[in-house]
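Top to bottom, those sequences are chains Y and A. Going by the working numbering, the final residue of the first sequence carries number 770, and the count climbs one at a time with no gaps. Going by the working numbering, the final residue of the second sequence carries number 214, and the count climbs one at a time with no gaps.
In short, the hints are calculated from the structure, not lab data. Note that CB positions come from ideal geometry on N, CA and C, so glycine has one too. Please note: incorrect hints may appear among the correct ones.
[As the list claims (entries may be wrong)] Chain A is faced by these chain Y residues, among others (derived, beta-carbon under 8 Å): (1) I515; (2) A516; (3) V519; (4) L529; (5) L531; (6) S535.
Residues per chain are reported as follows:
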Amino acid sequence: MNGIMIAALVVGLIGLLIGLVLGVASEKFKVEVDENEEKIRAVLPGNNCGACGFPGCDGLASAIAKGEAPVNQCPVGGPDVASLIGAIMGEEAGESKRMTAYVKCKGTCDKTKSQYQYFGLQDCQSAAVVPGAGDKKCSYGCMGYGSCVKACPFDAIHIIDGVAVVDKDKCKACQKCIAVCPNHLIEMVPYDAMHRVRCNSHDKGPKLRKECEVGCIGCTLCTRVCETHAITITNFLAHIDYSKCINCGASVEKCPRKIIE
Amino acid sequence: METLLLTLISVSLVNNVVLSQFLGLCPFLGVSRKTETAAGMGAAVIFVITIASAVTSLLYQVLVIFHVEYLETVAFILIIAALVQLVELFLKKFSKGLYNSLGVYLPLITTNCAVLGVALTNVQNGFDFITSVVAGFGTALGFTISIVILAGIREKIEDNDIPETFKGSPIVLITAGLMAIAFIGFSGLI
Numbered sequence: 510m511n512g513i514m515i516a517a518l519v520v521g522l523i524g525l526l527i528g529l530v531l532g533v534a535s536e537k538f539k540v541e542v543d544e545n546e547e548k549i550r551a552v553l554p555g556n557n558c559g560a561c562g563f564p565g566c567d568g569l570a571s572a573i574a575k576g577e578a579p580v581n582q583c584p585v586g587g588p589d590v591a592s593l594i595g596a597i598m599g600e601e602a603g604e605s606k607r608m609t610a611y612v613k614c615k616g617t618c619d620k621t622k623s624q625y626q627y628f629g630l631q632d633c634q635s636a637a638v639v640p641g642a643g644d645k646k647c648s649y650g651c652m653g654y655g656s657c658v659k660a661c662p663f664d665a666i667h668i669i670d671g672v673a674v675v676d677k678d679k680c681k682a683c684q685k686c687i688a689v690c691p692n693h694l695i696e697m698v699p700y701d702a703m704h705r706v707r708c709n710s711h712d713k714g715p716k717l718r719k720e721c722e723v724g725c726i727g728c729t730l731c732t733r734v735c736e737t738h739a740i741t742i743t744n745f746l747a748h749i750d751y752s753k754c755i756n757c758g759a760s761v762e763k764c765p766r767k768i769i770e
Numbered sequence: 025m026e027t028l029l030l031t032l033i034s035v036s037l038v039n040n041v042v043l044s045q046f047l048g049l050c051p052f053l054g055v056s057r058k059t060e061t062a063a064g065m066g067a068a069v070i071f072v073i074t075i076a077s078a079v080t081s082l083l084y085q086v087l088v089i090f091h092v093e094y095l096e097t098v099a100f101i102l103i104i105a106a107l108v109q110l111v112e113l114f115l116k117k118f119s120k121g122l123y124n125s126l127g128v129y130l131p132l133i134t135t136n137c138a139v140l141g142v143a144l145t146n147v148q149n150g151f152d153f154i155t156s157v158v159a160g161f162g163t164a165l166g167f168t169i170s171i172v173i174l175a176g177i178r179e180k181i182e183d184n185d186i187p188e189t190f191k192g193s194p195i196v197l198i199t200a201g202l203m204a205i206a207f208i209g210f211s212g213l214i
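Let's have the full structure, built from the sequences with the hints guiding it.
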């Protein structure tokens, strides 16, 4: 009995002593943190996704507090957080354009033909190193193994019928999916842009027709109907310049392959 | 003096903490991707282990007085965790540069079993205070040497054409194993 008491007492005393020393030390060695930094950290989303380019929300908070980063640097928080931080820093938040990711492919299982059956890992990086890059005939398109789905911290991408689709409202523009897609299919576009080219294939028309029912063949019909010259065709693929696009929808009607939508 | 030198060589090279005792493997494999960070981790480990072996050596004297030597593990874990916290607080206040460069590695050391391993081995071998500190420093030095070497090799093999099967962790473990074999060469030193 005596032994137990002594043991408990010794460990207890050591614990108490350590607690006291640490408590005193934390008071004594207190470092003055910029008051703004703490406040900014409190309004940031706290996902630590790193989309701002700083190591986590703490990094961004200290950079904003020092004036090294603009108040609207956080793409996840968007204008709401920017205006809150602006209020803390006493600055105008300014316009921050909300962006969203979208997947440049429409080749669902029934539209794109398959070249073989793929039994490898269900992962785009693994499938991309297999000759022919996945079971779909088109080597530019979405393979549908969902690497981007796993990378998305906001549950905004889902594989629907063999093609990744971004939920525009859930997307926080952190750009993690862009980094993982081996086919570089995902692009950032303005949230309010209504029309997108849903194809990434640089194959010529005849070859593409054999692979996929919904690919861009580079027919240039859209460039001709576009009044603001926002659409250009390079390497048999249409691309919309969103700074010029006025959302008129003329190209959507004209596109014979229905890939602009 | 001569024994101290022998202890230093013995614990740092002959009985290398990582490569022959297999302690502290987590940081050894985890933070050896770049030489710079590996050196940072090594510096932090030297710092903490040296202080920890001094403090635990003193603490053991207290345990001996109360005849509760069997509590060494519990007491040492407590004291090491607190020590790391204290060192962190201290550095944050007085040496911002060192604090920033050690960064996240400092709190990580709490989970480095090499620290506890050194403290317990010192006690088991019945080292006195000075020998304990030297042994602690030597062990940490051995850790730093091996982690920096591994990091250097890992940087080199980045560019090598490694068979698909061995890419990633397997080749690192094989490298560590080969290093351990190479370190056996030191065993004739003492």
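Verification of the hints:
1. I515: For I515 (chain Y), the interface hint holds, since the closest Cβ of chain A sits about 6 Å away, which is under 8 Å.
2. A516: holds (5 Å)
3. V519: holds (5 Å)
4. L529: Status violated, d = 11 Å.
5. L531: Since chain A brings a Cβ to about 6 Å from L531 (chain Y), closer than 8 Å, the hint holds.
6. S535: Holds, because the Cβ-Cβ distance from S535 (chain Y) to chain A comes to roughly 6 Å (cut-off 8 Å).
In this structure, only the earlier hint numbered 4 is contradicted, and the remaining ones agree with it.
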